[in-house]
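Asker: Residue numbers (numbering that gives the first Met the number 0), protein chains in the order written: chain A, 0 to 274; chain B, 0 to 160; chain C, 0 to 757.
Since the hints were derived computationally from the structure, they do not count as laboratory data.
Since the structure is predicted, the reported quantities are computational estimates derived from the model, not experimental observations.
A virtual CB, placed ideally from N, CA and C, is assigned to each residue, including glycine.
Honestly, I wouldn't trust all of these hints.
[To be verified] Cross-link-like lysine to aspartate or glutamate pairs, in silico, EDC-like; alpha carbons within 20 Å at most: (1) Lys87(A) - Glu31(B); (2) Lys421(C) - Asp116(C); (3) Lys45(C) - Asp23(C); (4) Lys421(C) - Asp373(C); (5) Lys104(C) - Asp27(B); (6) Lys45(C) - Asp116(C); (7) Lys101(C) - Asp27(B); (8) Lys104(C) - Glu31(B).
[As the list claims (entries may be wrong)] Going by beta-carbon spacing under 8 Å, a handful of chain C positions derived as facing chain A: (9) Cys283; (10) Gln423; (11) Phe427; (12) Leu685; (13) Glu746; (14) Leu749; (15) Ala751.
Each chain, letter by letter, is given below.
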Amino acid sequence: MTGRVFRPASLAELWPLLADGARPMAGGTDLLVAARRHGPCDVALLEGIPGLGGVDIENGHVRLGAMATHADLVRHPLVRRYLPVLAKALAVLGSPLVRNMGTIGGNIVTASPAGDTLPPLYALNAQVEFSSREGARLAPIWELILGPGRTALTPEQIVTAVRIPFPSEGLLHHFEKVGRRDALAISVASLAAIIALDDDGRVVQARIAVGSVAPTVVRCHEAQACLLGRRLDREALAEAGDHIRRVVTPIDDVRATAAYRRKVAGNLLLRLTGR
Amino acid sequence: MSGRTEISFRLNGRQVRLQTDPTRRAIDVLREDLGLTAAKEACGTGECGACAVLVDGRAKLSCLMLAAQLDGRELLTAEGLGTPESPHPLQEAFAVHGAVQCGYCTPGMTITASELLARDPSPDRDAVREAMSGNLCRCTGYVKIVDAVMAAAAAMRGEKP
Amino acid sequence: MTTTSPPRADALAKATGREHYSADMTPPGCLFAGVKRAGIPSGLIKAVHMRSARAVPGVVAVLTRSDVPGSNRQGIVHKDQPVLCGRLVRHCGDPVALVVAKSRKALAEALSLVHADIEPTPGVFDPLSALGPDAPLVHPGREGGNLLSRGLMEKGDALSALKTCEAVVSGRFETPMQEHAFLEPPNGLARMTPSGVLDMTVSTQAPFRDRFEIAHALGLDARRIRVRAPYLGGGFGGKDGATVQCLLALAALRVPGRWIKMVWSRGETFLAGYKRHAAMVDVCLGADANGVLRALTCFMHFDAGPYAHLSTEIMALGMEHAGGPYRIPYTRIEGVCAHTNNPVGGAFRGFGVLQANFAMERSMDFLAARLGRDPGELRRLNALRPGETNAVGVTVEQGTDVAACLDAAMAHPFWTMRETWKKQAPPFVRRGVGITAMHNAMGYGRGLPDHAAAKLELTRQGTFRIYNSVPDMGQGNASAFVTLAATALSQPPEAFALIQPDTAICPPAGSSSASRTTYTFGNALLGACRAMADKLKARASLVLLCDEPDRLELVHGAVSDPATGGSVPLAALGGFLSRDDRMCVDQFIMPVVQNPPDTGREFRFGFPHRFYSSGACLCGIEADELTGRVRLRVCLITTACGRVLSRVGVEQQLQGAAAQGLGLALFEDLAVENGYIRAKDLSTYLIPTALDLPDIVCLALDDDEPSGPMGLKGVGEVGIHGPGPAVAQALEDAVGLVATRLPITPEEVLTALEGEKA
Chain A
0 MTGRVFRPAS LAELWPLLAD GARPMAGGTD LLVAARRHGP CDVALLEGIP GLGGVDIENG
60 HVRLGAMATH ADLVRHPLVR RYLPVLAKAL AVLGSPLVRN MGTIGGNIVT ASPAGDTLPP
120 LYALNAQVEF SSREGARLAP IWELILGPGR TALTPEQIVT AVRIPFPSEG LLHHFEKVGR
180 RDALAISVAS LAAIIALDDD GRVVQARIAV GSVAPTVVRC HEAQACLLGR RLDREALAEA
240 GDHIRRVVTP IDDVRATAAY RRKVAGNLLL RLTGR
Chain B
0 MSGRTEISFR LNGRQVRLQT DPTRRAIDVL REDLGLTAAK EACGTGECGA CAVLVDGRAK
60 LSCLMLAAQL DGRELLTAEG LGTPESPHPL QEAFAVHGAV QCGYCTPGMT ITASELLARD
120 PSPDRDAVRE AMSGNLCRCT GYVKIVDAVM AAAAAMRGEK P
Chain C
0 MTTTSPPRAD ALAKATGREH YSADMTPPGC LFAGVKRAGI PSGLIKAVHM RSARAVPGVV
60 AVLTRSDVPG SNRQGIVHKD QPVLCGRLVR HCGDPVALVV AKSRKALAEA LSLVHADIEP
120 TPGVFDPLSA LGPDAPLVHP GREGGNLLSR GLMEKGDALS ALKTCEAVVS GRFETPMQEH
180 AFLEPPNGLA RMTPSGVLDM TVSTQAPFRD RFEIAHALGL DARRIRVRAP YLGGGFGGKD
240 GATVQCLLAL AALRVPGRWI KMVWSRGETF LAGYKRHAAM VDVCLGADAN GVLRALTCFM
300 HFDAGPYAHL STEIMALGME HAGGPYRIPY TRIEGVCAHT NNPVGGAFRG FGVLQANFAM
360 ERSMDFLAAR LGRDPGELRR LNALRPGETN AVGVTVEQGT DVAACLDAAM AHPFWTMRET
420 WKKQAPPFVR RGVGITAMHN AMGYGRGLPD HAAAKLELTR QGTFRIYNSV PDMGQGNASA
480 FVTLAATALS QPPEAFALIQ PDTAICPPAG SSSASRTTYT FGNALLGACR AMADKLKARA
540 SLVLLCDEPD RLELVHGAVS DPATGGSVPL AALGGFLSRD DRMCVDQFIM PVVQNPPDTG
600 REFRFGFPHR FYSSGACLCG IEADELTGRV RLRVCLITTA CGRVLSRVGV EQQLQGAAAQ
660 GLGLALFEDL AVENGYIRAK DLSTYLIPTA LDLPDIVCLA LDDDEPSGPM GLKGVGEVGI
720 HGPGPAVAQA LEDAVGLVAT RLPITPEEVL TALEGEKA
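Next comes chain A alone, as it looks inside the complex:
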């Protein structure tokens, strides 16, 4: 299924392998499935390189190592406390077995329109740290993911971490994934929302991102704007939902129709009614 496999013990050992055409492999849950369809390729395992995992807090950011598995992250106290919207998404990604293997870096690089970690990362204003022989750079996640299965990374760059600006506490974090069944399901529409309310229950700030309804995650600026100053009542959320429907570009596929996806994408905000 693969051509050759390499186990670099450091980033320094990795770069020449990538230069020679090897593909970096994290959990393998996407790459090895794709390899069955597309034929063998040389693979460079990332799991032997120290320093790519873990969760840390560093000056105002939560840093998630790219090789941190979904299972590690979903149970991590820092993720649960500061990034609940991401924890909620991780809890419904794939299956428990997939979560033991898949990584957040891998989910980003796979760049599926239905990637479950992506709407939360967009809503969290995540920055992606990517590295190469030349060193490490940062880019906002929405600049890194270009389209279905496409990122701005060159074959000689890997994602090394995700940096998330420290969100204020006391925010409302919401995530919902819609699949055709309740586990092992590819999302047909998903919503990540982080909302700040004042003491009156009115929206001070809203960040809303939807997934599986466009080539990449959509940040819904009009929907966010229309909620400002309002309570999360049915009317406001329905209006915001209409805004969402206007900016998404879903497709028909074997899992769902575009019409269904569009309808549901707008409906999902209503789940927040009365919060």
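Once you have looked at the hints, place chains B and C on chain A.
Answerer: Here is chains B and C on its own, set in the frame of chain A:
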């Protein structure tokens, strides 16, 4: 690395050294080189869980792992969990609670369940369902599988049935 | 509180991973065989290019139609399916070339290099079009064109009777193809031995019949074919009928002396495996103003795919069940099976009954709505009682009936408290409850003897060996046989070893299918046990100098004389009897309907049936108003299936069957379009996970089938029918959706909710 390489890992409590093509899938190494056929290939794409084995205590899909990734690890397969003469409480519970019908999903189920119980010795039924949600079964409808895991958990906590 | 039972005989070996399925058997040095498949639904094969495939190192043979001896036609009743296609391709999974290689890697490489030049030809993809005047012919030159079979079953003059009914409802109901999705894919091993015996191990439901299917296909002598059937990792009908068998036999024939192994990948199983038939059923149901049923007309269209498999028999069984477990004086039930270029329709648990049940149960719901009657009460009113005739004129046998099943379901708190439950729905969730009834005949029906023979051996050590002739695909029949024999011979279960089916040493039996396995083989086994008990007592009487063997008793490990206190260990008897004398063989053929009604004459095999299990199903669902997602929260199945030998065993069957029924109701859709399966892997064809099913509650009512082994009846299929129509009824209750097709999609639910608002 290609051609044949030596990989060395602990398997069911013993150290194992093998010469193999490191690009082979872990499931093939287990089933073909080591004669351990409990891990089954029912889909080959990570969608069913029948190939689950414990790697350093985590349940993983051996059909989506390369032999090279076994090196230095600690592996436990269903054969290592227990034997017919001395079954693991999970295996015993599956047998007496009617959780085994065709049995093809059973080894994978017990592997996943053993990780659950190591982390959470007192799950409720919903937590069990959630933990088993990546292991497909076509025979049972899952009800007795949940029964069995709950019973095994009680037995492992030392409670009388 | 869950019940436990002594573990099934196979359970620990399976749980500890020691049980070897056919897929686990890889003899050292075996070769690997694989198939190149057409990939298009209809076409003319111009050429098969094999040169580069043959040149791959490690490839031993690349075979095409010209390498197939004999008829090149497999099939269960009709032999119409090529082992390798020569000229015509009739569905995407049709096999075009067979490769044998020394490694799976070489096999894969060679298969990728086999190139078939197939000129696409127009195909036909639904039964109505297939039977139209200008339809492309799936089998050109075939008498009858695309019409495989048709039939009629009737009682009285239903068309006239409908005209006098005060309430008539009608509808068109559709159920799709369904994938078995057993976890162990079709696979097997074959070796042509130097003595000319073809030795095979196959994951198969019908080892004895397989020999004949292979022999006819390849011009071999069935007596020189040995088939062994280890425990299957699931079957559900999908391994009833040759899957790998003829291909493997061909490989073994052309590459003799070596073991050859074939395992279908999951993708290949989707592409080439049999499917439940898609069906379209038109119903007209008439009743009086009180809801008493009076007349039924029903037209069933079955999509057979290109090859007959068991299509006619499936249609016949569907038609036989089209009236449901209800009393209907006048019926006219017609059916047609049409050939198309869709995937091949074959046996699947529920065998035509599921399709008929969905249509009839939905029709009952239409009637209930028309008359303002409670759906449970309407069914109860019309429930068939023993002694009455069913919709095709057969008298219902004595025993617990469907009325009792409905009563039990309607007495359950799930039903009595349903309004309270519905009112407690969380925000954005609508709850609904549905109740339906079902029945399912057991066995092959008239025409084909529903037969099994059982061999029981006393070993030299005084234990027993049961030669099981009907494969255990997970239904636990092997274990049931141990229980039956242990009870009959008063021995502990540990005294029994099981030999899984082997045509060389087990006497013949019909397939593991049709809810008949435990009944038919069980009866044969009990006959062998009676013979064994008589023999043991008679032989022991010689040792005990007892002149009345009838007074002797079998006890654990011995035969004892209560009058004298003497006993003979079974080990002693085993030690001194010759091998022939230690064997007992008996057989059983399921009793058939006497004086069958004068209808359904077209059906040589499979009509009518005599014994039925019945049941009722209650489903409580939640529909999400924002997403249209439907979740099954409550499920109850009541059943009457004769005496319950093992409560756990019955629950296993009901829960598993209900899970498959629920999958078809909500998730499972192959999305076949113009002959192509769009949902062709487990990430798009969705079977229920542990999070998609509730605790399914099962109630097996007290019942007794006197003709059954220890009073039992088949229960393997009846549970699958409930969830489809019960979920549909529950959704109508919850959101007003009137579903007439399965699976029911979230999109339809959302549309219904919007319709409510409008």
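Asker: Hold the hint about Leu749(C) up to the distance rule: shortest CB distance to chain A must be less than 8 Å.
Answerer: holds, 6 Å
Asker: Could you grab the alpha-carbon distance between Lys421(C) and Asp373(C) and see if it respects the 20 Å cut-off?
Answerer: holds, 16 Å
Asker: Verify the proposed pairing of Lys45(C) with Asp116(C), using a straight-line Cα cut of 20 Å.
Answerer: holds, 5 Å
Asker: The hint names Cys283(C) as touching chain A; please verify it with the least Cβ-Cβ distance against 8 Å.
Answerer: violated, 33 Å
Asker: Given the proposed pairing of Lys87(A) with Glu31(B), does the C-alpha separation stay at or below 20 Å?
Answerer: violated, 40 Å
Asker: Just to be careful, I want the Cα atoms of Lys104(C) and Glu31(B) compared with a cutoff of 20 Å; is the pair within it?
Answerer: Roughly 14 Å between the alpha carbons, so the hint for Lys104(C) and Glu31(B) holds.
Asker: Does the alpha-carbon distance linking Lys101(C) and Asp27(B) stay inside the 20 Å limit?
Answerer: Judged against 20 Å, a Cα distance of about 16 Å means the pair holds.
Asker: Could you grab the alpha-carbon distance between Lys421(C) and Asp116(C) and see if it respects the 20 Å cut-off?
Answerer: violated, 59 Å
Asker: Quick one, is the Phe427(C) hint okay against chain A at 8 Å, beta carbons?
Answerer: Given a least distance of 7 Å, the restraint on Phe427(C) holds.
Asker: Holds or violated: the hint that Ala751(C) contacts chain A, with Cβ atoms closer than 8 Å.
Answerer: Since chain A brings no Cβ nearer than about 13 Å to Ala751(C), farther than 8 Å, the hint is violated.
Asker: Under 8 Å is the threshold here; is the Cβ of Glu746(C) close enough to any Cβ of chain A for the hint to stand?
Answerer: holds, 4 Å
Asker: Would the hint on Gln423(C) stand, with a C-beta cut-off of 8 Å toward chain A?
Answerer: violated, 18 Å
Of the numbered hints given earlier, the model fails hints 1, 2, 3, 9, 10, 15; all others are met.
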